[in-house]
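Peer 1: Listed in order, the protein sequences are those of chains A and B.
The numbers in the first sequence follow my numbering, run straight up by one, and end at 186.
The numbers in the second sequence follow my numbering, run straight up by one, and end at 186.
Hints were generated in silico from the structure; no laboratory data involved.
Please read these numbers as outputs of a predicted model, since none were measured by experiment.
Some clues are possibly wrong.
To be verified - The calculated lysine to aspartate or glutamate pairs, modelled on DMTMM-like cross-linking and capped at a C-alpha distance of 25 Å, are:
#1 B:83 with A:17
#2 A:83 with B:160
#3 B:74 with A:17
#4 A:4 with B:160
#5 A:16 with B:9
#6 A:4 with B:109
#7 A:166 with B:116
#8 B:20 with A:159
#9 A:162 with A:148
Number of protein chains: 2
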Amino acid sequence: MKFEDFEEKTISRKDIFKGHVINVKFDRVALPGNRGEAPRELVFHNGAVAVLAITANNKIVLVRQFRKALEKVIYEIPAGKLEIGENADPQAAMLRELEEETGLTSENVSKIAEFYTAPGFSNEIIHLYQAKELVRVPNPRPQDADEILVRYEVTLDEAKALIKSGDIADAKTILAIQYWELGV
Amino acid sequence: MKFEDFEEKTISRKDIFKGHVINVKFDRVALPGNRGEAPRELVFHNGAVAVLAITANNKIVLVRQFRKALEKVIYEIPAGKLEIGENADPQAAMLRELEEETGLTSENVSKIAEFYTAPGFSNEIIHLYQAKELVRVPNPRPQDADEILVRYEVTLDEAKALIKSGDIADAKTILAIQYWELGV
Numbered sequence: 003m004k005f006e007d008f009e010e011k012t013i014s015r016k017d018i019f020k021g022h023v024i025n026v027k028f029d030r031v032a033l034p035g036n037r038g039e040a041p042r043e044l045v046f047h048n049g050a051v052a053v054l055a056i057t058a059n060n061k062i063v064l065v066r067q068f069r070k071a072l073e074k075v076i077y078e079i080p081a082g083k084l085e086i087g088e089n090a091d092p093q094a095a096m097l098r099e100l101e102e103e104t105g106l107t108s109e110n111v112s113k114i115a116e117f118y119t120a121p122g123f124s125n126e127i128i129h130l131y132q133a134k135e136l137v138r139v140p141n142p143r144p145q146d147a148d149e150i151l152v153r154y155e156v157t158l159d160e161a162k163a164l165i166k167s168g169d170i171a172d173a174k175t176i177l178a179i180q181y182w183e184l185g186v
Numbered sequence: 003m004k005f006e007d008f009e010e011k012t013i014s015r016k017d018i019f020k021g022h023v024i025n026v027k028f029d030r031v032a033l034p035g036n037r038g039e040a041p042r043e044l045v046f047h048n049g050a051v052a053v054l055a056i057t058a059n060n061k062i063v064l065v066r067q068f069r070k071a072l073e074k075v076i077y078e079i080p081a082g083k084l085e086i087g088e089n090a091d092p093q094a095a096m097l098r099e100l101e102e103e104t105g106l107t108s109e110n111v112s113k114i115a116e117f118y119t120a121p122g123f124s125n126e127i128i129h130l131y132q133a134k135e136l137v138r139v140p141n142p143r144p145q146d147a148d149e150i151l152v153r154y155e156v157t158l159d160e161a162k163a164l165i166k167s168g169d170i171a172d173a174k175t176i177l178a179i180q181y182w183e184l185g186v
């Protein structure tokens, strides 16, 4: 099947919300092959970066923070959204987030993967990196004023136990820990 | 640190959009420790199911479909959102989606994990299952009228190559394939 056999052409698009993190739109689309019309609820996002940061003694750096959408404090790998203009250089954005969230940096970084987090309704893409040989930044850029983060370092076995217990329940974090276990 | 040291209490909540897939809300929150206020843009979702379905000849079942948020056709594992009332039995919902999207079912299913897809702005949770010993349903429930899906079956090596090439770029799908590789 060709792209045309799948494509849903936009009939109309309504702007619902323009925020700092997301833009919400509501589309009417034409289904391919004269199957009629359907509504599509869409959340547009500028993309994000995340990092599998491994310390010299082979631990992964995690952060705990409150997530309002969940009303919970959860474990995640260091991550943050791309600011306007950063799309051209997600690696620089990743290093900024790593420094702000953990006070660490690295000159040994590589890209692991890019993936969509919730393609059923959102275009958010995460650029996932690995960072090794972490070093402490003498005067790190401060955390965002509206973020409270606590840093943790855990071994692979501890990380796997936290996944098993459900304490780590964030897709990008599980995915990164699996990459680590698979020996990237 | 205790939960109270992280918690962002709601000062006000505005309903922005009520849809069939998502509800969008805009909060003003009080940051802990008298750090002031902050806005929070939130996308509420009823949760979803997904399945790592492995055939008798050890291939993973993938589906290709158009995703309007991306304007792309992408590979994913079979998945779908929980309908209202299905939260109590996500496994039944997973079997429904598997049948609708692939015409297959299984009596050998187990839960692999639950994870949040985009906790920075959404509460969407995915219940991920594994299904083995797949059997064809004689008269399967039809696909949703507004979904066009094409089924593929690929080996682990083929799946890994599709991740490497970027053709598979969906978080839940990469996560499921890595679970498979790790030998769940």
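Peer 1: Run every hint past the structure and note whether it holds.
Peer 2: Verification of the supplied hints:
1. B:83 with A:17: This hinted pair holds, its Cα atoms lying about 24 Å apart.
2. A:83 with B:160: 31 Å, violated
3. B:74 with A:17: 21 Å, holds
4. A:4 with B:160: The given pair, whose Cα atoms are some 21 Å apart, holds under the 25 Å limit.
5. A:16 with B:9: Cα-Cα ~34 Å, so violated.
6. A:4 with B:109: With a Cα-Cα distance of about 34 Å, the restraint between residue 4 of chain A and residue 109 of chain B is violated, given a limit of 25 Å.
7. A:166 with B:116: Roughly 10 Å between the alpha carbons, so the hint for residue 166 of chain A and residue 116 of chain B holds.
8. B:20 with A:159: 42 Å, violated
9. A:162 with A:148: Roughly 30 Å separates the two Cα atoms, so the pair is violated.
Comparing the model with each numbered hint stated earlier shows that hints 2, 5, 6, 8, 9 do not hold.
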